[in-house]
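Enquirer: Each chain is listed here by its residues.
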Amino acid sequence: MIETSLRELLSERAATVVGEHPDRIREVRSRVAGIRRRRTAGAALVLVLLVAGGLTLARLPGKPATLPAGVPASPYFDDGGTSRTVTGYRGSSYFTFSGPATWSVAVRPFIERAVVVARCAERGDLTLADLTGPGSAPKLSCRVPVGDHFEGALLIDPSRLAGNSRDSTVMTVRLRPGSGGSWSVGLLEPLYPERITADQVRGDLLDGFTSPGGGRIQVTVPSDFRFPRPLSVTAVCVRDVRLQLTLDGRSAGVVVCDDASVEVYGQVTFAVSEPVAAGLRGGQRVTIDVRSIGRRTDQWAILQIG
Amino acid sequence: MADRSGFDEFVATRSPALLRTAYLLTGDHGLAEDLLQTALAKCWFAWGRIDGPPEPYVRRALATTYATWWRRKWRAERPTGVLPERPAEPRHALEDRDALWRALGALPRRQRAVVVLRYYEDLSEAETASALGISTGTVKSQAARALATLRRDDDLSQRMGGGQ
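Same order as they appear, the protein sequences are chains A and B. Here the first sequence is numbered in my numbering, starting from 1279 and rising by one per residue. Here the second sequence is numbered in my numbering, starting from 762 and rising by one per residue.
Just chain A, with the same shape it has in the complex (with noise of 0.2 Å):
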């Protein structure tokens, strides 16, 4: 059975592990040091928009019916209360409720923004308690009428979600209507980062910080290779990407950054075309050429091939 080959497997890699890191506890401590660094500069950066949002409204009479800026464009939900695809997002934690509630989220790291939205039986303001950060109770006004209903959005640091948690990725918010009748909320997470930086990629095999439109890779393609199996291409880009990939002077398919390709948060792995890929055998050496033929931009780059 290949589970008892697994087991046997894993006990006797593990236990090629020796060496204990002499010290663990410092670099630790430096990792925390630099996070805590990240999330002060975080929150100073949403205390500005939070201020400069403020002063906005300020001036406005009365409550806008309208969406805040950066949030994508509604509905969110249909008049039955079914949520409802947002293009360019994940839509998930949806939720239903009337009345004081407490609501669970589930939230990816790294995501640097999402949005909630919610769709209310009348117009009405809805707090989020217990956030992290400035503004630890912001509303999000439910006013854009859809429908039969009105909706609205927050855009918010998930940071603030999780940090009021002890469950690393499931969070609890507690939610305070400020009208009657039926609420639901939702959380859209973005598929692409708005930005990549090279550090984050550093490592990689090409990138567009470097080669913004294109470049050319030399790989060996993995000995234990062997058609039928895919030979994939991993890249990390921001939408609308697109990268040409020709292998040994063949064509052999091009990455599309959208949103139908994405695997993880901004990463898209990618099969070498068939024909191509029936050619090559493990162990070859081969020439990729990269060329970007989509949006202009240097935020994309190939981590890994095989």
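Just so you know, not all the hints are guaranteed correct.
What the hints assert, rightly or not - A short list of chain A residues far from chain B (calculated; beta carbon distances all over 10 Å): (1) 1319; (2) 1351; (3) 1372; (4) 1538.
Said to hold, decoys possible - So these bits of chain B aren't anywhere near chain A, every CB distance computed over 10 Å: (5) 766; (6) 767; (7) 793; (8) 887; (9) 888; (10) 901.
Claimed, not checked - Within a straight-line C-alpha distance of at most 25 Å, the following computed SDA-like cross-link-like pairs (lysine to any residue) qualify: (11) A/1417 to A/1324; (12) A/1417 to A/1284; (13) B/901 to A/1284; (14) B/901 to A/1369.
For the record, the hints were derived by calculation from the structure and aren't laboratory data. Ideal placement from N, C-alpha and C gives every residue a C-beta, glycine not left out.
Position chain B against the provided structure of chain A, taking the given hints into account.
Expert: Relative to the frame of chain A, chain B by itself:
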């Protein structure tokens, strides 16, 4: 201020075991170190709020960080000048294990995490689901897919007698 007493002691005593799990997840000694340091740093912030034994929480941070981490290039095994000592085994057995290890490395990250937690850590399906923040049904389907992929692997099935 959160109470973080016991964190240093936990790191000192449990790091070797966690490092072994990190290695099985990443298949690379250097990346395993990196993964463990990152997971421990995340846990440091939550340390004072963890109820009960901290190891399941840390293991969960390790697994979820691995399953979603694209910031690093996850390389295949690196060549090394020093081979770990192994008990004498027939050559074909070692080749079978190497083929299985390579096939394991080709699995999608979440499937590999499920395999490591189920077959190395000996976690139940429910415990694995909790560790990865996914449903028990997803654990079952991911494990089934992983085993099916391993059974389908040409090289492996030839070596292991037709995919048993």
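Enquirer: Now, for every hint given, state plainly whether the structure supports it.
Expert: Status of each hint after checking the structure:
Every CB of chain B is more than 10 Å from the CB of residue 1319 of chain A (nearest about 16 Å), matching its label as outside the interface. Against chain B, the non-interface label of residue 1351 of chain A holds: every CB pair exceeds 10 Å, the least being about 28 Å. With a least beta-carbon separation of about 16 Å from chain B, residue 1372 of chain A lies farther than 10 Å from that chain, consistent with its non-interface assignment. Distance to chain B confirms residue 1538 of chain A as a non-interface residue, since its nearest Cβ pair spans about 18 Å, more than 10 Å.
Every C-beta of chain A lies more than 10 Å from that of residue 766 of chain B, the closest at about 14 Å, which supports listing it as non-interface. The beta carbon of residue 767 of chain B sits about 13 Å from the closest Cβ of chain A, which is more than 10 Å, so the claim that it is off the interface holds. With 10 Å as the threshold on Cβ separation, the claim that residue 793 of chain B sits away from chain A is violated: the shortest Cβ distance comes to roughly 7 Å. Here residue 887 of chain B stays apart from chain A, with its beta-carbon at least about 15 Å from theirs, past the 10 Å limit.
With a least beta-carbon separation of about 15 Å from chain A, residue 888 of chain B lies farther than 10 Å from that chain, consistent with its non-interface assignment. At roughly 14 Å from the closest C-beta of chain A, the C-beta of residue 901 of chain B stays outside 10 Å, upholding its exclusion from the interface. Of the supplied pair hints, the one linking residue 1417 of chain A and residue 1324 of chain A holds, its CA atoms being roughly 15 Å apart against a limit of 25 Å. Taking the CA atoms of residue 1417 of chain A and residue 1284 of chain A, the gap is about 51 Å. The hint is violated against a cut of 25 Å.
A threshold of 25 Å between alpha carbons decides the hint, and for residue 901 of chain B with residue 1284 of chain A the separation of about 16 Å falls inside it, so the pair holds. This hinted pair checks out: residue 901 of chain B and residue 1369 of chain A have alpha carbons roughly 24 Å apart, not beyond 25 Å.
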